[in-house]
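Once you have looked at the hints, place chain P on chain L.
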Amino acid sequence: MSKKEPVIFDIGWNACINCGACVAICPKEAGFISAFDTIAVGRPCDIACLLCEDICPVSTITHKAA
Amino acid sequence: MSTSQYDLVIIGSGPAGATTARFAAEQGLKVLLVDKRQELGAPIQCSGAVSRHALEEVGVAPEEEFIHEPIYGFGIYNEKGEKKTIDYRQLKAEEYGQEEGKKPLGYVVDRRRFDRYLMTQAERAGVEVWLKTEGLSYQPNNDGSCDVYLRRFNQAITARARVLVGADGLQSQVGKWANLRTHIKITELASCLQFIVDQVETDGLLEIITGHEWAPGGYAWVFPKGHGYAEIGLGVIPTMTDKNAQWHLDQFIKHSFFKERFRNSRILEIQGGGVPLASPLRTQYADNLILVGDAARHVNPITGGGIHTALSGGAIAGNFLADFLNQGRQPTAANLKAYQDGWLEEIGNKMWQLYEVKTDIFRTHDIRQRDALLFQTMSGYFSPHSEYKKI
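As you go down the protein sequences, you meet chains L and P in turn. 906 is the number of the first residue of the first sequence in our numbering; add one for each residue after it. 436 is the number of the first residue of the second sequence in our numbering; add one for each residue after it.
Don't read these hints as lab results, they were simulated from the structure. Careful: at least some of the hints might be erroneous.
To be verified - Chain L is nowhere near these chain P residues, computed Cβ spacing over 12 Å in every case:
| # | residue |
| --- | --- |
| 1 | Ala528 |
| 2 | Asp545 |
| 3 | Arg548 |
| 4 | Asn576 |
| 5 | Phe588 |
| 6 | Gln606 |
| 7 | Ser626 |
| 8 | Val632 |
| 9 | Asn679 |
| 10 | Thr718 |
| 11 | Asn770 |
| 12 | Phe797 |
| 13 | Thr812 |
| 14 | Ser818 |
| 15 | Glu822 |
Stated by the list, open to error - Looking from chain L toward chain P, a few residues come up when the C-beta cut is under 10 Å (computed):
| # | residue |
| --- | --- |
| 16 | Trp918 |
| 17 | Ile922 |
| 18 | Cys924 |
| 19 | Gly925 |
| 20 | Ala929 |
| 21 | Glu934 |
| 22 | Gly936 |
| 23 | Ile938 |
| 24 | Asp942 |
| 25 | Asp959 |
| 26 | Cys961 |
| 27 | Ser964 |
As the list claims (entries may be wrong) - Taking lysine to aspartate or glutamate and the DMTMM-like style, the derived pairs with C-alpha atoms no more than 25 Å apart in a straight line are:
| # | chain 1 | residue 1 | chain 2 | residue 2 |
| --- | --- | --- | --- | --- |
| 28 | L | Lys909 | P | Asp677 |
| 29 | P | Lys515 | P | Asp806 |
| 30 | P | Lys515 | L | Asp942 |
| 31 | P | Lys471 | P | Asp545 |
| 32 | P | Lys567 | L | Asp959 |
| 33 | L | Lys933 | P | Asp722 |
| 34 | L | Lys933 | P | Asp582 |
| 35 | P | Lys772 | L | Glu934 |
| 36 | P | Lys785 | P | Glu822 |
| 37 | L | Lys933 | L | Glu910 |
| 38 | P | Lys678 | L | Asp942 |
| 39 | P | Lys620 | L | Glu910 |
| 40 | P | Lys678 | L | Asp959 |
In this text, all values refer to a predicted model and were calculated from it rather than measured experimentally. Every residue, glycine too, gets a C-beta built ideally from N, C-alpha and C.
The shape of chain L in the complex, shown without the other chains (with noise of 0.2 Å):
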């Protein structure tokens, strides 16, 4: 399996609604969450799953290339 590039997420933040679910899915190590609760935003994310995109309920998360 090939390797997945890693990404920096964004949380559009007028629609999220601090529900957790985005941290709860994340396979990442302790500590990686943003200090509204969600996953971390602004830092790289080296595993790329995308989990957290896949289960906001409002669809509120993106990736760009880190």
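This is chain P only, laid out in the frame that chain L set:
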């Protein structure tokens, strides 16, 4: 940096953490309960349904302070809107009802008030509670204790404990600190959204709407919320749909067999969450550490309900830890395994059976068959004869 010493440090003051704390403190343990939030229960990520039995079992009186509305039964719908009513006011009229001397089957609670109430009960039992206090990590020591690193109003604090209890919810970081296998599969985490609405009639029943058309992988619900309000929500499994929960909820409100009922609904609050329809964690303990509640995935895999299991699990954990530490036993992983064994015996093994039932339903590829199975299972689950009704 200062260091204080406790028998238990508990991270997370939801129903599981506060109940663990209260039971342990009542039996003489010195307990510190911390939560990073400024208002417990918020943001609400839960529908708030809990049985009366669940409260009684852990000595919580049903106070007006936290009850939105009493519940008397269930209305289970299939995808076409055909309803199976399980109304305990009719099934067991001598026991359940609004009249004097009769009781409700359960309640929909206000999680903000409920969690604060449980924390208050813990505090009154002697627990020290710190809000705005975040857990950062923990380190077992050679003398059998562990150091728990906290940040409270920006101040770094180390608390020394004999056991750290992770009650930090589905998003648990404590389990990750101990390298426990906490990761949940995307096929077993429902993406949920709910609206608190005005102008939707209810009748003391928890209404559950099954069917792939409305909530693929999960179900939709309409719960009474008190004062004439209701809660309309649903959970979907992302791998079973290419749309998000918001889209499905919109479809359910505007196009389902309830569209006339919902026509004048007005949204008052928007809430959401991830709800595990999964098995409990296989390992819920490590050196100087146990997990309880959502953090240990003590959640009913059929209904997604987690309050009852959090309260029961909290009582089991609190009682276990009081006995364990009062006997002076060393909190190694090998010794703390007895906590999980006890939990499995009391409720966990039944949760594993429920997980098998749930898995069989969603292994069925034919959608009509799967819909029929889910409807049948939900109807059986809430019936008076269900072997699982105490979970």
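Index of numbered hints that the structure contradicts, given in increasing order: Checked against the structure, the hints that fail are numbers 6, 7, 9, 16, 30 and 32, while the rest are satisfied.
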